[in-house]
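Trainee: Protein sequence lines correspond, in order, to chains A and B. Heads up: the first sequence runs through residues 1 to 273, numbered per this note's numbering. Heads up: the second sequence runs through residues 274 to 589, numbered per this note's numbering.
Because the hints were derived from the structure by calculation, they are not lab data. Please read these numbers as outputs of a predicted model, since none were measured by experiment. Please note that the accuracy of each hint is not assured.
[Claimed, not checked] Ranges between beta-carbon positions, derived for each pair:
hint : chain 1 : residue 1 : chain 2 : residue 2 : range
1    : A       : Lys103    : B       : Met430    : 48 to 54 Å
2    : B       : Leu510    : A       : Lys91     : 24 to 30 Å
3    : A       : Glu239    : B       : His520    : 54 to 60 Å
4    : A       : Arg244    : B       : Val414    : 51 to 57 Å
5    : A       : Leu74     : B       : Glu455    : 32 to 38 Å
6    : A       : Lys103    : B       : Val513    : 44 to 50 Å
7    : A       : Lys91     : B       : Ser459    : 36 to 42 Å
8    : B       : Val513    : A       : Val241    : 55 to 61 Å
9    : B       : Met430    : A       : Arg157    : 36 to 42 Å
10   : B       : Asp523    : A       : Leu204    : 42 to 48 Å
[Unchecked claim] Subject to a maximum C-alpha distance of 30 Å in a straight line, what follows is the list of computed DSSO-like cross-link-like pairs (lysine-lysine):
hint : chain 1 : residue 1 : chain 2 : residue 2
11   : B       : Lys319    : A       : Lys24
12   : A       : Lys103    : A       : Lys24
13   : A       : Lys51     : A       : Lys158
14   : A       : Lys187    : A       : Lys258
15   : A       : Lys103    : A       : Lys91
16   : B       : Lys528    : A       : Lys51
17   : B       : Lys528    : A       : Lys24
18   : B       : Lys390    : B       : Lys319
19   : A       : Lys158    : A       : Lys91
[Claimed, not checked] Anything over 10 Å on all C-beta distances counts as not near chain A; from chain B, calculated:
hint : residue
20   : Phe327
21   : Pro393
22   : Glu429
23   : Trp464
24   : Ile499
A virtual CB, placed ideally from N, CA and C, is assigned to each residue, including glycine.
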Amino acid sequence: MSPADNPGIFRKNGMSYRLRRNLKRAAAGLVLLVFGIGRMSWEGSMEEEWKRLQLRAGGLDLGVREQLGQMSYLAALGGFRSLVASFLSVKAFNEWENVDWVKLESTYGLMTRLQPRVAGYWEEGAWHLAYNASAFYLLNEEMSPGVRRHLGGRYIRKGEEFLREGIRNNPEEYLLRQRLAEIYRNKFGDHCRAADEFAIAARLEGAPEYCRRFAAYEMADCEGREWEAYAALAGLYGEGVRHRKPTLLAKLGELEEKLSIPEAKRVLPEKGP
Amino acid sequence: MSSREADRKPRVKPGGTVATRRGIGASAGRIGTLAGTTFLQLLRMKTFYFLLIFSILVVVASTFNVLHHTGEQHLKLLKDVALGAMSLFTSLFAIVATALLIPSDLEDRTLQTILAKPVPRYDYILGKLCGVILVVAVSVVVMDLIFGAVLYAREEMMVAAELAGATESGGFAEEDLAVLEERLRSQGLNWNLQNAVAAIFLKSCVICAVTMLVSTIASTSLFTIIVGFVIFFIGHLQSVARDYWMHALDAGLWKRLFSGLVALIFPDFQIFNVVDGVVAGEVIPLGAMTRMAGLTILYVMVYSMVAYLVFADREL
Numbered sequence: 001m002s003p004a005d006n007p008g009i010f011r012k013n014g015m016s017y018r019l020r021r022n023l024k025r026a027a028a029g030l031v032l033l034v035f036g037i038g039r040m041s042w043e044g045s046m047e048e049e050w051k052r053l054q055l056r057a058g059g060l061d062l063g064v065r066e067q068l069g070q071m072s073y074l075a076a077l078g079g080f081r082s083l084v085a086s087f088l089s090v091k092a093f094n095e096w097e098n099v100d101w102v103k104l105e106s107t108y109g110l111m112t113r114l115q116p117r118v119a120g121y122w123e124e125g126a127w128h129l130a131y132n133a134s135a136f137y138l139l140n141e142e143m144s145p146g147v148r149r150h151l152g153g154r155y156i157r158k159g160e161e162f163l164r165e166g167i168r169n170n171p172e173e174y175l176l177r178q179r180l181a182e183i184y185r186n187k188f189g190d191h192c193r194a195a196d197e198f199a200i201a202a203r204l205e206g207a208p209e210y211c212r213r214f215a216a217y218e219m220a221d222c223e224g225r226e227w228e229a230y231a232a233l234a235g236l237y238g239e240g241v242r243h244r245k246p247t248l249l250a251k252l253g254e255l256e257e258k259l260s261i262p263e264a265k266r267v268l269p270e271k272g273p
Numbered sequence: 274m275s276s277r278e279a280d281r282k283p284r285v286k287p288g289g290t291v292a293t294r295r296g297i298g299a300s301a302g303r304i305g306t307l308a309g310t311t312f313l314q315l316l317r318m319k320t321f322y323f324l325l326i327f328s329i330l331v332v333v334a335s336t337f338n339v340l341h342h343t344g345e346q347h348l349k350l351l352k353d354v355a356l357g358a359m360s361l362f363t364s365l366f367a368i369v370a371t372a373l374l375i376p377s378d379l380e381d382r383t384l385q386t387i388l389a390k391p392v393p394r395y396d397y398i399l400g401k402l403c404g405v406i407l408v409v410a411v412s413v414v415v416m417d418l419i420f421g422a423v424l425y426a427r428e429e430m431m432v433a434a435e436l437a438g439a440t441e442s443g444g445f446a447e448e449d450l451a452v453l454e455e456r457l458r459s460q461g462l463n464w465n466l467q468n469a470v471a472a473i474f475l476k477s478c479v480i481c482a483v484t485m486l487v488s489t490i491a492s493t494s495l496f497t498i499i500v501g502f503v504i505f506f507i508g509h510l511q512s513v514a515r516d517y518w519m520h521a522l523d524a525g526l527w528k529r530l531f532s533g534l535v536a537l538i539f540p541d542f543q544i545f546n547v548v549d550g551v552v553a554g555e556v557i558p559l560g561a562m563t564r565m566a567g568l569t570i571l572y573v574m575v576y577s578m579v580a581y582l583v584f585a586d587r588e589l
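Chain A on its own, in the form it takes in the complex (with noise of 0.2 Å):
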C-alpha cells in the first residue's frame, strides 16, 4: 500500500501524510511569496543602477512593436536588443542601395530606439540623410530646382536633427559633436555654429586634436570672430610643429593680412624674397 492509497494511514509526529505534505506545499508556497516580496526592493534599486549605468535602454512602446514585427519584438525584449539591432543596421544597407530613403530613416529611427547609446547608428543615420539622400534629391535632373532644393534640404536639417538627438543620447561622444559641425560647414556653410560644435567635440574626452585645430578653422571663415580666430590659431601654432599644417599657415597668414597685424607682431616668420 502507497501513501496515495490511503495517505490517512501514514503518520509521522501524529501528522497524516496528506496534511503533511500539503503543509509542505503551503509553505513552500509562502517561502516564494515572502522571497517575492523581499527582493522586489533590491531588484528595484538594481534596475535603477542599471539605468544609471546605462546597462538599460527605456522601455519599447508600441509604435517599436509595430514597425519591429512580433518575433523581432519579442527578441528585444528577451535581451537580444542589440542583435536585432545589428541586423536592422543590415536591412537598412539594402534601403540604401534601393534608395528608399523613406524606409531608410524609419530602419534607422528604430535602430537608435533600440540602443540609444550606441553612437555609430546616430552618426551614420545622419550621414545617410544630411549627405545621401539630400544629394539624391539635389542632384536629381527629373525633378524641378524648387523641389529639388525643397527636398534636400530637408533632408539636409532631418540629418541635424538626428544628429542633435543622437547628442542629447550620448553627451559625452565626440564624434556625434564633430559630424554636427561637418554638417554645418559642408551643408549650411554656416562657419559660425560649425566652429563652435569643433570647440565642443574638442573639450570632450578622447577628442582627436584635429577638432582643436578645425574649431579654429572655422572661427577664421566666421564674420566678426577674426580676431577670436587668430588668438586661437597663434596659439595652436605656439604649441609646436605637430598643429604647424598648411590649413593652419594659410589661415593664419590671411587673418595677418585682413586684421593688418603689424610685421612685428605677426606669429609667422617673414617670407624670404
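Based on these hints, arrange chain B on the given structure of chain A.
Mentor: Relative to chain A, chain B alone:
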C-alpha cells in the same frame, strides 16, 4: 571490525530504516557524487553537440561582410551574434538539460535506487542541480574561448586592414591613425566582455533552479520544458508586471492582484540582460556584478528550498 569499517556500515534504526549519515561534510560528499554522475549523465546524452553549432555560427558571423560597414560595426555585429547565440543556447540548454534529469531518473528507476540508500531528498535535488550547473559552466567557458579567439583574430585583421587603408589613402596623420585604432580596439576583445558572459551564466543558473523546481512537480520532461519556456518568457516581462503592480494604482483589483503574483513568483531575468549595454561599450563595475551574483545565489537557494518542500513528500 575497525572503527573505519563501522563508519562505513549503514546504521539501522529500530524500525528497519537506514539512518542517514549526518553533517555538512557527509551531505557535501553526497551532493558532490550526485553532481559528478549528473555531469557524466548529461555528457553521455551528447548535449555538448550544440557547441559545434555555436562555433559554426560565430565563424560565419565573423565573415559577414556588409559593404558600408566600418571595422567597428563588423566587430559589433560579431559580438552581437556571438553573445546573443551564447545567451540563447545557454538558456535553452539550461531548461532542456534540467527538465530531463528527474523524469529520466524516474523512468529508468534510478531515482528509487538512489533514494533507497541513505540519501536525503534535498541532497538529491542539490546534487542534480550542481551537476547541471557544472555542465552549463563548462559550456559557457568553451563558448567564451571560441568567441574570444574569433573576436581577437577578427579585431587584429580589422585593425591591420583599416590602418593599411588609411595609410594608403594618405592625409592621415599619426594622431588620426591612433584615434582610428583606439576606436576599433574599443569594440574588440576586452575584460568587460567577460562581465556579459558571467551575466549569461548567472541567468542560466537561475533558469536551472526554477526548471528544477518545476520538474519536482511535473511528471514528464515535456511538461517541464514547456513550463520552463513559459517562465523564461514571463521572467523577461516580470519587471513590467512589477511596475504595473506598484505604480498603476487606479487599475482594477484583479489586474493588480494578478500582476502582483507574477512579480512575486517569477524571477526577473531582465536584471541579467546586460549584454546590450556591454556591446554598446558601457562598463559594469565589480560592485554591480557582485550584487548580481548575490541575487543569483539567493534565487538558487530559495528555488532549491521550494523544490525540496514540494519533492519531500512526493510519491514516486
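Trainee: Please list, smallest to largest, the hint numbers that this structure does not respect.
Mentor: When the structure is compared with the hints, numbers 1, 6, 7, 11, 12 turn out to be violated.
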